[in-house]
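Engineer: Using the hints, position chain B against chain A.
Protein chains: 2
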Amino acid sequence: MTDFVAAPASNGFDVPGFVTWTTTAGLKNSGSEDMALVLNIGPHDAAAGVFTRNKVKAAPVLWTQQVLKSGALRAVLLNAGNANACTGPDGFADTHRSAERVAQSYREYNGEPEIAPIQVAVCSTGLIGERLPIAKVLNATDRLAMELSMAPVADWKAVARAIMTTDTVPKLAFGEHPAGWKIGGVGKGAAMLAPSLATMLVVVTTDAVATPAQLDQALRRATALTFDRLDVDGVSSTNDTVLLLSSGASGVEASQDELDAAVFAVCESLAAQMQADAEGVTKRVVIRVAGAASEDEAVAAARVVARDSLVKTALFGSDPNWGRVLAAVGCAPVELDPDKISVQFNGHQVCANGAAVPGARDVDLSGPDIAVEIDLGVGEGSGWIRTTDLSTEYVRLNSAYST
Amino acid sequence: MTDFVAAPASNGFDVPGFVTWTTTAGLKNSGSEDMALVLNIGPHDAAAGVFTRNKVKAAPVLWTQQVLKSGALRAVLLNAGNANACTGPDGFADTHRSAERVAQSYREYNGEPEIAPIQVAVCSTGLIGERLPIAKVLNATDRLAMELSMAPVADWKAVARAIMTTDTVPKLAFGEHPAGWKIGGVGKGAAMLAPSLATMLVVVTTDAVATPAQLDQALRRATALTFDRLDVDGVSSTNDTVLLLSSGASGVEASQDELDAAVFAVCESLAAQMQADAEGVTKRVVIRVAGAASEDEAVAAARVVARDSLVKTALFGSDPNWGRVLAAVGCAPVELDPDKISVQFNGHQVCANGAAVPGARDVDLSGPDIAVEIDLGVGEGSGWIRTTDLSTEYVRLNSAYST
Numbered sequence: 007m008t009d010f011v012a013a014p015a016s017n018g019f020d021v022p023g024f025v026t027w028t029t030t031a032g033l034k035n036s037g038s039e040d041m042a043l044v045l046n047i048g049p050h051d052a053a054a055g056v057f058t059r060n061k062v063k064a065a066p067v068l069w070t071q072q073v074l075k076s077g078a079l080r081a082v083l084l085n086a087g088n089a090n091a092c093t094g095p096d097g098f099a100d101t102h103r104s105a106e107r108v109a110q111s112y113r114e115y116n117g118e119p120e121i122a123p124i125q126v127a128v129c130s131t132g133l134i135g136e137r138l139p140i141a142k143v144l145n146a147t148d149r150l151a152m153e154l155s156m157a158p159v160a161d162w163k164a165v166a167r168a169i170m171t172t173d174t175v176p177k178l179a180f181g182e183h184p185a186g187w188k189i190g191g192v193g194k195g196a197a198m199l200a201p202s203l204a205t206m207l208v209v210v211t212t213d214a215v216a217t218p219a220q221l222d223q224a225l226r227r228a229t230a231l232t233f234d235r236l237d238v239d240g241v242s243s244t245n246d247t248v249l250l251l252s253s254g255a256s257g258v259e260a261s262q263d264e265l266d267a268a269v270f271a272v273c274e275s276l277a278a279q280m281q282a283d284a285e286g287v288t289k290r291v292v293i294r295v296a297g298a299a300s301e302d303e304a305v306a307a308a309r310v311v312a313r314d315s316l317v318k319t320a321l322f323g324s325d326p327n328w329g330r331v332l333a334a335v336g337c338a339p340v341e342l343d344p345d346k347i348s349v350q351f352n353g354h355q356v357c358a359n360g361a362a363v364p365g366a367r368d369v370d371l372s373g374p375d376i377a378v379e380i381d382l383g384v385g386e387g388s389g390w391i392r393t394t395d396l397s398t399e400y401v402r403l404n405s406a407y408s409t
Numbered sequence: 007m008t009d010f011v012a013a014p015a016s017n018g019f020d021v022p023g024f025v026t027w028t029t030t031a032g033l034k035n036s037g038s039e040d041m042a043l044v045l046n047i048g049p050h051d052a053a054a055g056v057f058t059r060n061k062v063k064a065a066p067v068l069w070t071q072q073v074l075k076s077g078a079l080r081a082v083l084l085n086a087g088n089a090n091a092c093t094g095p096d097g098f099a100d101t102h103r104s105a106e107r108v109a110q111s112y113r114e115y116n117g118e119p120e121i122a123p124i125q126v127a128v129c130s131t132g133l134i135g136e137r138l139p140i141a142k143v144l145n146a147t148d149r150l151a152m153e154l155s156m157a158p159v160a161d162w163k164a165v166a167r168a169i170m171t172t173d174t175v176p177k178l179a180f181g182e183h184p185a186g187w188k189i190g191g192v193g194k195g196a197a198m199l200a201p202s203l204a205t206m207l208v209v210v211t212t213d214a215v216a217t218p219a220q221l222d223q224a225l226r227r228a229t230a231l232t233f234d235r236l237d238v239d240g241v242s243s244t245n246d247t248v249l250l251l252s253s254g255a256s257g258v259e260a261s262q263d264e265l266d267a268a269v270f271a272v273c274e275s276l277a278a279q280m281q282a283d284a285e286g287v288t289k290r291v292v293i294r295v296a297g298a299a300s301e302d303e304a305v306a307a308a309r310v311v312a313r314d315s316l317v318k319t320a321l322f323g324s325d326p327n328w329g330r331v332l333a334a335v336g337c338a339p340v341e342l343d344p345d346k347i348s349v350q351f352n353g354h355q356v357c358a359n360g361a362a363v364p365g366a367r368d369v370d371l372s373g374p375d376i377a378v379e380i381d382l383g384v385g386e387g388s389g390w391i392r393t394t395d396l397s398t399e400y401v402r403l404n405s406a407y408s409t
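Line by line, the protein sequences are chains A and B.
For the first sequence, counting from 1, position 297 maps to 303 in this note's numbering; every step adds exactly one.
For the second sequence, counting from 1, position 174 maps to 180 in this note's numbering; every step adds exactly one.
Hint data in this document are derived by calculation from the structure and do not stem from the laboratory.
Every value quoted in this text rests on a predicted model; they were computed, and no experiment measured them.
Check each hint, because a few of them may be wrong.
Copies of the same chain are indistinguishable here, so a pair counts whether it falls within one copy or spans any two.
In silico lysine to aspartate or glutamate, DMTMM-like type, Cα no more than 25 angstroms apart, as pairs [to be verified]:
1. Lys-75 with Glu-120
2. Lys-163 with Glu-114
3. Lys-61 with Asp-302
4. Lys-34 with Asp-325
5. Lys-289 with Glu-399
6. Lys-142 with Asp-161
7. Lys-61 with Asp-381
8. Lys-34 with Asp-381
9. Lys-142 with Glu-106
10. Lys-163 with Glu-259
11. Lys-163 with Asp-343
12. Lys-346 with Asp-161
13. Lys-61 with Asp-343
14. Lys-163 with Asp-302
One chain only, chain A, in its complex shape (with noise of 0.2 angstroms):
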């Protein structure tokens, strides 16, 4: 894969095909925007989208699928506060009117060329099970048409917002291809931030030119690198969804490799923001495992000690407690010799072959972050997995949310 820079983008960025507009619906306690609108006008509309592989979808997650059959995307409805998960058909009815609402009100105040419900992509991210209230999103929807059409604006900053749920700040990445085409993508996720991917939405678009396959191939590859290897707290969500659409507004064909990297960047940034703003972290925490007997079994070994509140937990307190990930290790579904496994905090060897280190209680994990190295020695294959310390915090912020 080629090298290419997309880095943090807290001010905003234009990626040329897209406007936005952000309003406020009322499904957010705080009074904050909650929708936002992102239309492609193109010339191109192609576009790829991965979802949750939770058997509980929610509505939107369902609806998003089936459009996505197309590989083309005009538009995408965003919403924060209420997630339209687990809501039964009447929810999947509620989103579909919403999509057929963007189409109805686009043709109203924007003319040609229409818009059909069946290119509205729909996403929601909050509360699971309630009912959306559905008078004021589609209310909301005919504003965010409306102003649209009077002023085209690309606020991401403002779609960020909008869909922040418990996070703190707005996630934004952006980065510029020297061929002349740009990449930026904004995402919101805090917590139930799991396997495949979380309680995470992320909207990546560029104005290169590309194939819905193309487009499909690097957002595979890139959340399967990013996305899927950010483990919080090893909930899938009922809702996630990473939606990249193409606009080809610059002209400049990208080639699959060109846009591997540049997606991949621009995910890995928004994953970095994830992890750093998870609900309740206090350290940002890497765990990676080399000589396992493949990089399946690395991932597997890694998610599985990045999944153990004990080892969260220590490291929460600073804690140099290694032997808690020779035994969260020990559960891993994978092959290893527990005589040969060797286990490193921020390069300092704390056990090897199985047992200690002189040394290894006093090795300093004060800092914000926290690299844990695990080596099984029996073969090649390495991998990591991302996550977050277990904090006092997160659960407190965790036991209070619904009511």
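Structural biologist: Showing chain B alone in chain A's frame:
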């Protein structure tokens, strides 16, 4: 299985054919008693054991697994304060030496019949990754054997206290069979309580006459339904050991069915006591799954929910956030149809056919016991997992353990 009642026995119990002694080796910072010796004085010495499935096994587990291949045990040496796990070949040698010292001291102070080292099980619990202070352990072992010879007692309450780590209360259970035999058990376990056992040591003794094969069957059946279904934090310890010893002192032969029932009853009581005393527990939670494709799938689904940090933190907050239950069960590797799932909290229906039931947010979960009942609606399989909430106190306790 026939009925058999075993009850908590906080003041101890007596099972003919067994004597005990406890002492202070100096392994606990508190200075409390930390070692115990259990002696089977016969006439029989049949025994069985089950052990952690963690691939990283502590030295005493590796030793005791070998010992039990004979189906016989004369003594069990237990210590708390140091797990002797992840200590390499030297740690195994320490365990071996302590078993040899039991045999040697016993010969010196008690004479015939001699105990061979291979008839001595060793169980350790405490911090992982530190070598045993072996001189202290061997000295204490001498005292245990000497005092046993001078004043044989059966102070099971003292044994239960000696093996406590972060446990706040000793755990004992006892029952009597009308035919004239008894069964009693002591255990410890407070965190790392998970799939195949936990940071738990259990010694169950009976004076019924039984073969090793009978004991093995009874113990495997009992642990599968009790300790294997206790999952506090998803972490399986390096040291989990459950032993069952028969002295045959009653002279009464127990049938397999009677033995199964009695061992189950004692293990069930101890598992409930462990749940109630789990680290940081404020809620005793049972996750029951019905309507699964099989019993195994029901237990697997219950386990995923029981391990879900977001479900556990919600229960800590007495928050009837059933949406998190659906999000969790949707990640379980089992057959399900999201539109057929129903959920009850403490008998109140909160979700039907995958969507909210009116009043779902008003269910009162403020009490110390919470039953979560999930019906998957796809089959006849049912099962349960016993767990706890995830509290700020759990995090606090576990963030400063080794240092």
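Engineer: Determine for every hint whether it applies to the structure shown.
Structural biologist: Checked hints:
1. Lys-75 with Glu-120: Only inside one copy: Lys-75 and Glu-120 sit 19 angstroms apart there, 77 angstroms across copies, limit 25 angstroms.
2. Lys-163 with Glu-114: This pair counts as neither: shortest intra-copy Cα distance 27 angstroms, inter-copy 80 angstroms.
3. Lys-61 with Asp-302: This pair counts as both: shortest intra-copy Cα distance 22 angstroms, inter-copy 18 angstroms.
4. Lys-34 with Asp-325: between (38 angstroms within a copy, 19 angstroms between copies)
5. Lys-289 with Glu-399: Both, since 12 angstroms and 19 angstroms are each at most 25 angstroms.
6. Lys-142 with Asp-161: within (22 angstroms within a copy, 69 angstroms between copies)
7. Lys-61 with Asp-381: between (34 angstroms within a copy, 15 angstroms between copies)
8. Lys-34 with Asp-381: neither (46 angstroms within a copy, 32 angstroms between copies)
9. Lys-142 with Glu-106: within (15 angstroms within a copy, 77 angstroms between copies)
10. Lys-163 with Glu-259: neither (27 angstroms within a copy, 77 angstroms between copies)
11. Lys-163 with Asp-343: neither (49 angstroms within a copy, 38 angstroms between copies)
12. Lys-346 with Asp-161: Classified as neither; 53 angstroms inside a copy, 42 angstroms across copies.
13. Lys-61 with Asp-343: between (35 angstroms within a copy, 8 angstroms between copies)
14. Lys-163 with Asp-302: Neither way: Lys-163 and Asp-302 sit 36 angstroms apart in one copy and 48 angstroms across, limit 25 angstroms.
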